[in-house]
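Now for the letters of each chain:
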Amino acid sequence: DTEVTQTPKHLVMGMTNKKSLKCEQHMGHRAMYWYKQKAKKPPELMFVYSYEKLSINESVPSRFSPECPNSSLLNLHLHALQPEDSALYLCASSLTDQGSTEAFFGQGTRLTVV
Amino acid sequence: AQKITQTQPGMFVQEKEAVTLDCTYDTSDPSYGLFWYKQPSSGEMIFLIYQGSYDQQNATEGRYSLNFQKARKSANLVISASQLGDSAMYFCAMRGIIQGAQKLVFGQGTRLTINP
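So the protein sequences, as listed, match chains V and R.
So for the first sequence, our numbering puts the first residue at 1; every next one is plus one.
So for the second sequence, our numbering puts the first residue at 1; every next one is plus one.
Same shape as in the complex, but just chain R (with noise of 0.2 Å):
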């Protein structure tokens, strides 16, 4: 069963904007890592940024910060002063224990625009 949640399918953000990415999950390990991935049309997965269970700030990488809520399970995505380039697929990733393993597992994705 799919334990990362991304509600928006879709987002469109005029440029220079900041723009929230949603992401919930659900797992029963206390110990898990919750990762954003960034995949253009090229295909390739980018790597964006990372947040542990234990961490207890929230993880910030330049103009990505992750808001993370643990007692809510959201790890939301948080882009500020949107590019054009930013327009590409978004997916939240956990690796923990998932159907008893060591998995790292993906969200449905958010496309996100950047509009002009």
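So that you can see chain V by itself, here it is in the shape it has in the complex (with noise of 0.2 Å):
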């Protein structure tokens, strides 16, 4: 098995809305990571995981949260988004964040913001 499942697949919230995306994976890998990915430009990197503590946030704005509950599954909690927040959000996992370990993408949440 070598999927990342991401939920939902497409997402539509309003402004002043909370939200959750979802990411799992049953791979046993300790290292898990949220990118956002705008229309014709790669993914960039928003924040890594790695044994389920926070390693590293790219300055991030705090509208977005994530959450590492064990080591199966990732979110990042919404809040108060803006419509420039909209995006492909990609969840990737990899056995470890160093050297060679290649990193699973799931398939993405499209989020639009209204």
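All the given hints hold, so there is nothing to weed out.
With a straight-line Cα cutoff of 27 Å, these simulated DSSO-like cross-link-like pairs (lysine-lysine) come out:
| hint | chain 1 | residue 1 | chain 2 | residue 2 |
| --- | --- | --- | --- | --- |
| 1 | V | Lys40 | V | Lys19 |
| 2 | V | Lys38 | R | Lys3 |
| 3 | V | Lys36 | R | Lys103 |
| 4 | V | Lys22 | V | Lys41 |
| 5 | R | Lys103 | V | Lys53 |
| 6 | V | Lys40 | R | Lys73 |
| 7 | V | Lys22 | R | Lys103 |
| 8 | V | Lys9 | V | Lys40 |
| 9 | V | Lys36 | V | Lys9 |
| 10 | V | Lys41 | R | Lys103 |
| 11 | R | Lys3 | R | Lys70 |
| 12 | R | Lys3 | V | Lys53 |
| 13 | R | Lys103 | V | Lys9 |
| 14 | V | Lys40 | R | Lys103 |
| 15 | V | Lys38 | R | Lys103 |
| 16 | R | Lys73 | V | Lys41 |
| 17 | V | Lys41 | R | Lys3 |
| 18 | V | Lys36 | R | Lys3 |
| 19 | R | Lys3 | V | Lys40 |
| 20 | V | Lys22 | V | Lys53 |
Among the chain R residues that face chain V by a calculated CB cut under 8 Å, a handful are:
| hint | residue |
| --- | --- |
| 21 | Phe35 |
| 22 | Ser42 |
| 23 | Glu44 |
| 24 | Met45 |
| 25 | Phe47 |
| 26 | Tyr50 |
| 27 | Phe91 |
| 28 | Gln102 |
| 29 | Lys103 |
| 30 | Leu104 |
| 31 | Phe106 |
| 32 | Gly107 |
| 33 | Gln108 |
| 34 | Gly109 |
Beyond 12 Å from chain R on every Cβ pair, some chain V residues (computed):
| hint | residue |
| --- | --- |
| 35 | Glu52 |
| 36 | Pro61 |
| 37 | Arg63 |
| 38 | His77 |
| 39 | Ala80 |
| 40 | Pro83 |
Quick caveat, the hints were computed from the structure, so don't treat them as lab data.
Cβ atoms here follow ideal geometry from the backbone N, Cα and C, with glycine treated the same way.
Dock chain to chain to rebuild the complex, using the hints, since each chain is given by itself in its own frame.
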């Protein structure tokens, strides 16, 4: 099983809403990532969790709040987003955050903020 | 600062021809990994091939091979016998020490179109 599952696949939310994106993997990976991808751009790293601890926060605004409840789950809590936050949000996991281990990606959540 | 450079925004290739997608990188970390991903219009990132900085031989995976030239800091992807289904966005990525931390970062991507 080399699958990373993201839910929901599509999400439309208002600027005053609170929503959460979910990511799950059962590969025993200990590193999990959130990326944001705007149209026709590469994925941009947002957060890295290593062994369930936040190891990298790429100066992401506080309206994005990551959470790693256990080694298989990664959430991204959204609150008071702006229309410019509309993007494809990709979750990934890898065995560790070091060296040669490839990262497996989910299919992403297409977020639209209205 | 962006440490992965893909200089070809788009490429058009005839079906069954081989295609080379360029990637150069910059890092001071002696230990790093280079990856290629394919992203179809559906959005998922599909892992294609990996090359480690200490690997002596170029990586190959089926129709994909990685032309790794360490001294030139290049890691080009070669797709042999291209197929219509190869049309997609292709990203080169690197894991290594970037701005003081281990990160997996991506180049700008190359949109490959295979013509019948």
